Each structure stands twice: as structure tokens, then as C-alpha cells.
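J.: Sequence order for the protein chains is A and B. Per the working numbering, residue 1 is the first one in the first sequence, and the count goes up by one each step. Per the working numbering, residue 1005 is the first one in the second sequence, and the count goes up by one each step.
No wet-lab data here; the hints were simulated from the structure. Errors might be hidden in some of the hints.
What the hints assert, rightly or not - Label-pair restraints from in silico Cβ distances: (1) A:D492 - B:P1121: 47 to 57 Å; (2) A:L845 - B:K1140: 52 to 62 Å; (3) B:A1105 - A:K493: 51 to 61 Å; (4) B:P1121 - A:S675: 24 to 34 Å.
The structure displayed is predicted, hence computed values, not measured ones. Ideal placement from N, C-alpha and C gives every residue a C-beta, glycine not left out.
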Amino acid sequence: MPARCPAAITLALLLLAAWASPGQAIYADQAGQHDWLQQHVGRVSLAAFAAKPRARLFVASRAGAVAALSLKDGSLLWRRVLGEGDAATALQAAGARVLTLSGGGAQLTAWDAATGAAVWAANLAGSSDLAGPDAAALAVVADGKRSLAVAVAAGSAKGFDAVTGELLWTASLPSTKSAAAVKAAPAAAGGAWVASLQPGASRLAVDLVSPTGELVSSIVLGAGAQLSSTQLLLTEAAVAALSADGTQLCSAQLEQGGGSGSLGCQALASLLPPGTATEGAHLVAGTCSQHAALRVAGGAAALALGSGSGAAVTAFVPGAAASGCFRGAAGGQQVAFATPSAAGLETRVLSAADGTAVEAPVSVAGLAPQRVSGKLVGVAELFAAPLNMGGSQAVSQLAVFDDDSLALVRGGAQAWLRHEELASIRDLLFTDLPAPTPENEAQWLASQPSLRQSLAAQLVALKVQASRVGSLPLASPEELRQLERHKAVTSDKLRPTRDPDGFRKQLVVLTAGGKVLALHNGDSRLLWSLDFGPGAGLRKLALWRVPHDVQHDIEVVALAASPDSVTATVMNAHTGKILQTLTAPASQAAGAADGAPDVLPLSQPVHDGTADQHVFVVAPAGTDGAAAVLPDTPAARAAFVAARPGFAFWRVDEVAGAVRGYGFTESGAVEERWSAVLAPPAPAGSSATQQRILALAAHTPGEAVGSPARVLGSGELKFKYLNPNTLLVAVGEPRGARSGHSGGDDSAAAGPRLTVTLLDAVSGRVLFSQTHEDATGPVHAVLSENTAVYHFWGSEAHRWQVASVELFDASPTTLRVSDLAFSETNTTTSSWDVPPIEAGAQTFLVRHAVRGLAATRSARGNTAKQVMLLTTTGQVYLVDRRLLDPRRPIVAPGQKPTPQQAAEGLPPYQPELPLQGPMFATLDRQVARLSGAAVEAAVLESTMLLAAHGLDLFYTRLTPSRSFDMVPDDFPYALLVLILGGLTVATVVLKFITRRTAVKAKWL
Amino acid sequence: MQSTIMRSLPLLLAALLVARAALAEEQAAVLPVHGKLFVPDGASLAQAEVALQLESGRRLLAFPLPDGAFSFAEVPVGVHTLTADVHGLIYPTVRLDVGTARKGKVAAVAADATGMPALPYPLLLRPYSRIEYFEKRQPFSLWAFLKTPYGMMAGFMLFSVFIMPKLKVDPEEYREMMADRERERSGGSGGGGQKRRSD
């Protein structure tokens, strides 16, 4: 029966299509398709190499991260982030554990070296018992087969089993009590040396503690000079310290036995080669017995300690950074040196004993970070250890550059480079990628796999889909990996050019260290970077020129403001070339208050023939200063003059507790237009808690509004009050303002109040104001369309709360059908119009503490709005606008909403906002220390791009109303073709059958 | 002289003790807080954190040990908020009263549960529920499939293969059929003519 054949195909297709469920929800296997998370540690301050059980690198950073990195490719194996403001001050690897001291030296934590889980922890001292993080020390001492963690703080030494955390002994060390600096190191004879220095003292106390916790000996070593509490170094058999003024090096060998001795002190100028700059001297900790390394401004030296009268310099490398002294593979004591040079980082390993070369100087080509001024970026820290990797023995050197980047050098070559400067992003901007050209298209095609490879991959893909349906393991893991690789290489999201849908963009970021980097949003690869250095004072990034044609490149600008000028550095966004540097004077009127000028963008760019030129107005601090225009061209000046009458900006006066509105006079001088004292200073002697301006929020310019009106359930039309100059000011008590006298007599007084005012920033008119009782800061707010949403602490409920305010223009409608049909809809309200305003407000409870709020924005504003909560746990949680709508109907439990309520499509009111797992934009990942987010609308209305930054950088696509305007990525094109093919076959076969039947029928 | 000192020694000692006690009272502005997270099977504590948001605005972090135990050594007296962040689990938000209601004692209530029930101290926190970050793939449903464009296309295909041939009536054949019936009814025996008329 020929008819069976298409039927069989159909059935097969039915089965194949089983996975194609409607909609575009994110399934676990879709994670990573359009999102990525780049995890960072920040500027590394401590590092430890471990050879066993696996070759690993453990690092601790100033930002408070403790992490394990792969030595092979630098990937992050695990990372823990300590509390804000905290950082590890000691890091030791001990077999299966990594030990850190944190919390100012008071907290000892052991992390699992394989997973990063906290295994055991001990509190060593009260925070008031320690003079600072230098007053606690940690050493790992071998005791037979066991590793012993010796922690010294506040007058006692404690011995822990490094693996289990069992406290084995406590030894009293009175000399370490109230010490300014304490160091501990394993002693060559077993046990641990503990050196301590009292504040301002010129004598060191050195104790030897046995592995069983007995105090074996105590020595006091006198030096002729006052010693520095930060530059103290202890090795297995020697001690060294710098004098408090940093000019002398004092050292002595350590021997068992009590009594007193002395440190031999020498001037650094006499130790080091003549003419060496000796400023900024510091000792580099290491693991040798009698050798150490010293860094000064002019270079680095290897030292032999306590030989004869003091220390001797065995090797000196000018301009270099030195690692701590370490034991080489053959047992010798070595120091690694790295010198930045234009040809690449020059590394060498010298014997600390005699200065002979262990590894000859090699220049690591390509590893030569440079500032835009041409100055080489220095090496801030160098760590080195001999490690056996892949059968070869070589010294691995970890270089931390001044720009925070982290590189591992091995065998004279760069093993990997991590851009840790991305851990401190200050500003982020999305821009278009270059337009497709024949050249870059050809380049892309050349990087693509061949047709045969693609066919093979398609076959595997079919197998995978079939195995998903039948739950059969048809594809081998190797094939799956192959498919993943193929997908990764061929994915359209990686093309180096822009696409018509506006999905492929580049992220231009500005870091705290003054670096500007461009990343591809497909896979976070670095496109270009420019290092201006922290001295450039860059604060903000903005679009500069957007060409109308595709031949020209987009230009971006980095702005830096000083009290008397604003500097704009214009860069080509596609090549990273600096095009020009413009300076605008911020001429203040005489006697005006000091302060940075405001740089204000004009709302509309200037069309100057071939491009849209963005214009910035520099408004000097204070009043009466003359405004300047960037760029200072006739067209830009004309645009400013045209915009001047309606141009307004605002400043916050913290001292007076006021917000002031400013504008420009005819002559272009800054003039104050209005001021609102919202938090007047409490009169002297008043017991009232000071009210402060806690938060300010304004509209993001250029927000698209889908519709200026809302249809209610009753069919009534409500017009949104869409004033782009709306300003939200929250005034109240910061959290904890009353903690000093909580439970006291003020319990009878009124609780803290939070007042939120919506102002018009042009006229200073109050649009809306409401007060929350028993509410305090911190307050975070966002404005979008006619809605203001803010997040605050409800002290009575002891919960976080979110309030939303919606403003409507209540003036009688003059809208006619003809207006809708023939005139353009105006979606903004002028600040000069004073319509009656109708406001709705509602407050909800929410689980998340937040670091900020943001709102989604789409190309045309039709897609559902969502408010983004940037949580303290590093997640971005999306709350649908409808859930925050003040009009959510109150429906008694057990009852159904009325038809009118149901027609509005709002969920019934619940005091608490729901928590739904799929509403996390960050999926199951966390952006450590989340600090901000940027949203960019794609060309397609349904989609927007989100980048969230903090210590990490996360990127994803958002589709709040699902992808209604595009074919889903997993659309089974093959199935469509098969069905169409099947239909064609069926048609042909049918025709044949009908003919045959007809003929048969006629023969009958 | 010596005897005077000897006599006043107990007094001095007592005074010292009182001073010490007063000092201790002063220093008791901090208290330790201990607790434990209960973790259901299948959840991992490897990346878990417990955050204590102090009323002063500072945020302290503790890392639970493998048994779920966590501790903050020095928590200032006040009313703070404790939250646990464990991948895939939702724990109660705890209102932690450290030494304000009762001196030297810590009391805890679940702030986000109705009625704010008291929690035991030392804390033992049990998760409210699990949280799924991803949508679950729906098992195959024929009806849902039939509603998709593919389902409709496949349905149409089946229809065209199996049903359509049965529906196919050529107008010419229909006329012939009707004519045949007409002839049969009239009793005529012109059946052969039909056979001959095949084209």
C-alpha cells in the first residue's frame, strides 16, 4: 500500500516534534545560549601555589574574594566572596584545605581546596583585641604526617589540625598581646617562630612554639631604629624588618635559646647599588630559610639575611618586581624577577644564595600592557613557585599588573591572562558592532567549519533530538561535545558584525582604574582596550557620534571632570583608536563653591550631515558660571541656544537638605530656578533624628512609550502623566540612625518616617507626596513612564517593602477619534502644563534586599514593562509591572473578581510580591557584589539586552512578553522541511492513487 | 601603715571587681550569634552564605560549615535581619533581637511568616520551599502538539492522505454516477456503454 509511506513519515515526525512546545520559556538546557557570566576576583593581593593533591593556584583579592584558579587556563574553579569591606589578610594552602585569615585577622576559615566549601572556622580574637590585620598571623607547620595550622592573635597561639579543624593546643604568648604586627613561620627545627612588634617599638620579640604547643624559647631582638609595623618578615631561620622611615633594613638569624640579641641594621642606600631609588621599600614574604626579597622603587633584590652584621644583597635587578623567595625543585632558594618592557614582560629566576641565573631572562612576547600615554604598566605583585605540570618542571610566575590584570607565565611563555580590571566596572554602554562588509564577512566565513563538518554536526543534532524523544542514549558524550563545539563556533551570535535585529552589540565598559574595554556580547571576548590610568579621572561613558551610513564607525566619549574643566576623550568604538581629546572650561563665577561641574547631555543629538552628534553642556558648580558646549562647534552651540529656554537640571545640597533646580540665562550662565528644602537640618540641641535625602531618581532619557493612555476594566480611558522631567526624592532616616538609643525612652515617640516626593525638575512643582510611617532607608528608586517604584525598609513589619506610584493626567479629555487617526500621538507632557494629577499608590512586601532598581525598556515601549530588583545576593529579579500596579483589585478570599476587575487583567492584590524562580534574569547564577545594570533595547520590539555588573559581569537577553516577533531559536526547520516534503510526496502519491482507482473503477 | 593597706585590700579588690563587672557590662555591647541550617537531601551547602544585615546598615557574612552550622562572633546589640542564601532553597527571613529585649540573650522570629512565629535559639533554620530557576519541560501531550502549527500541518497531511481520497468526487464522474443510477432505475441495460466510454 503506497499510502502507508507518508503516514509512516508523519508518525515519525509526530514523535520528532514532541519537544517543540509552544512559547519561549527558559529551560535548564537553554541556559548559556544567550547569556554568559564572567566571574572575577579583582586585584589579587595574596597567592599560594599548591602542587598537591592537584596543581592549583589559590588567590585572595583586595575586593574580598578567595578563589582557586586552574593553572592550565586560568579559569575560575571556585570562588567565595567575603563580606563587603572584608578581605583575606593571610592565605595558606595546606593539602586539601586553603586557610585564610579575614575579619581584620580575627577569623580563621578553612576552605575545601576542591570545592571552596567552608570546612571549619575559628574565631581567634575579639575585634577590639587586635590592633589591625597585621596583628594576627597564620603559619602551616608540618607535624609528622599531619599539617598543623598555627594561628597567632591577641596574646595566644592556637594549633589546629589543618584538615579537621580540631583545636589541639593553645599557647600563651604575652608578647603578641596588643602588638602592632605579628608574623608566624614554620621553624626549620620544627614548630613555629612567632615574631611580634609593639606599636612604635624598636625591639622585636621572637618566640618559638613547639608542634605540641609549648613555648620553647623567647628572644628579644633590639634594633637601633623604630621598626615599621607593616614591613616585618619572618622565615624559617631569620627575621627582617624595615625601619619605620623605610630607610634601613634590620635583620638577624634566629637560633633556639632565650635571652636577648640584636638586629643588624643597614641603610638601604648602602646595601643597594648606588643611585637606586629606595623609596617605597617593602619586604616580600616567601618560604625560604635565610633568604628573602626586597622591592624598592628602583628595582628588586634578593637578600641573604643575618649573615655577619646583617643582610647582604645577593642579586639586584633594576626596574623589576620580585616574588617572595621560594625553594626550587632541586632545593635551592630562588627568587623570580619580572621587568616590564615594551617587548614583553622580562622574567628571570635567580638563585637567592649567589645571584646566579636558574632560569635565564626571557621576554614574554605579547605581555606588555601599556597606558595610552605609552607608559608601561608596572608589575604590582609577583608570585612564583616551581611546579610540575604535564611532566615538565618549571617555575610558574603569577604577575599582578598595576591595571589589575593577572597573568601566569610559565617556561618563558604566557600561559593565560585574566582581565581582572573588569571586576570594577564604573560605567557600561551598549553600542552597535561594525556593519557587515565583504572583508569581515569573508573573515567570518573563513573561520567557519567546512560543509562536511557541518553535515556531520547536523546528523549528531538529529540523533540528540531523537534521543530526547525516546530517552535513548543515541549520541555519545564525545559526539555531544563535538556538537557543542560546532554550535559554539558557528553560532550567529559570535559574528563580528551587527545584525538587523539588533541582538549583536558590543559592551563598552569603563573601570575604576581608568581602563576602557570593548567586549562582544556573544561570548564576552575582548575586542579592544585602552588604559588611561587612574590619573585620567574618567567618570562616564557616552555615545558621541552615530553615523547615518554604514561606512563610518560609531564614536564614544569618556568624560572626566575636574573643578575647572571637563575633558572628553573621543574613541572609535569599533577600533579603539583615540580620535581626539577635547577640553571644555568650567569657568566658575568668582567665589563660587568648589565642586566638579555637571556634564549634561542635550536630549536630542545634532544632525550634522553624515552623523548624529551628541552634545554635552558643561555647567560649572555653583551659580553664575558660564556654560560651555562639547563639542564646541557652531552646530552644537546653536543646538544649545535652541534648547536653552527649556533646559533644566538639578543638584542636591546635602548640607541644607535641599534639591535645587537650575537653568541657563540668556547669556548662558547657570541660574537657580527653584529650591526645595526637603530635609532641613535639625536645630542644634534637638533630640529629633536628622532627616536626610536618601535617594533621588529621574527618568532615563529616551524611553519609548507604547501608549499614552490606559483602558480600565470599565472601558474608561485614563491618560498617563508622562513628564520626562519627573524627579523622585526620598527623605527619611538612614537605616540604623536610631540604633544607638533603641529600646530607650524614644519608644513612645513616633517611629521613623519616610517621605517620598515626586517633583517636576523644571518648575520645582510638587506632583505627589506620600509618607510611610515606620520606614527607613536605604531607599532605591526607579522611574518609568508614569510610574515610580521605590524600595525601602519597613521597620515595624521588619520587612523590605516596595511601593509604586502611578500618575494620571486627570484633565478632561479633548481627544477625538480624528486625533487618533490623523495626528501623531504626543507621549510627553510638558513641565509648563499644570494639569490636575490623579495618583494611585500601593505598597507591597518583598523578600529581597536590593542594591538598586532598574526598569526594562524596549524599542517602542509596547513590550510588557518589568522592574528589575538588583538584589544583595547578586541576582536580578524581574517583577512584572502588573504586579506592582496600584490598581490591583482587592478580591476577598474565595470570591471571584468582578467582570470589570477581570477585564483589566490585573492579578488580585496580595500584600506580598510573589517569588517565582523563572523570574530571575540571572537564572541560577549570581553576580557577586552586584552594583549596577544596563538595559539596551534591541531593534526587535520583544527583546532587550541586559548587562549586570559588580565583581562579575553578566549578560543576557530579556523577552518580558516572550519572543512574539521572531521565530524561536530552537525552531525545528528540519521538521518544517520534512513536513513540506511529506505533503509533496503525499500529493504525488495521492494523485497516482486516485488515477489508478479511477481507472480501476472504469474497468469494472 | 602596712596593716591599713592589708585592711583596705579586700575593699580595693571588691572595688576592682565591681569596676571589672561594669567594664564587662559595657563590653557586652556585642554578643555571639550561632545557628544551623537544615538542608534537605540533594541540596549543597558548598556555596551557601548566611548574611546578617545589621540595623546600622552593615552586612556581615558567615559561611556555613558542612553540618550547616554558622556563627557570628561579634554582633552588636540591636535588632538585625538574618537571611540564608542557599542555591535552590528559600529560607525564612529572621528578625534577630540581640540583647535588646532581654540583656545578653538572643531571640529570633521568622519575619516573613504570618504571625511572626518565634524560632528556637540557637537558630535552626529549615527551608520553606525549593525554588526552580528554570521552566520544566512539559511531557509530550498530543492535544498540545495538535494545536501547534506543526500539529496542524501534520493533521492536514493525514487528512489529505486518508480522508481526502474518500471525499474526492469528480463533477464529471458524479454526473455519470447520477446518470447510471437513473438508467438502473429506468431498468435499461446500457451498462456496456459505460465501459466503452473510458477515456
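J.: With reference to the structure, classify each hint as holding or not holding.
T.: Right, here's what the structure says about each hint:
1. A:D492 - B:P1121: 47 to 57 Å: Holds - the Cβ-Cβ distance for D492 of chain A and P1121 of chain B, about 53 Å, lies within 47 to 57 Å.
2. A:L845 - B:K1140: 52 to 62 Å: violated (28 Å)
3. B:A1105 - A:K493: 51 to 61 Å: holds (56 Å)
4. B:P1121 - A:S675: 24 to 34 Å: violated (49 Å)
Hint violations for this structure: numbers 2, 4, all remaining hints satisfied.
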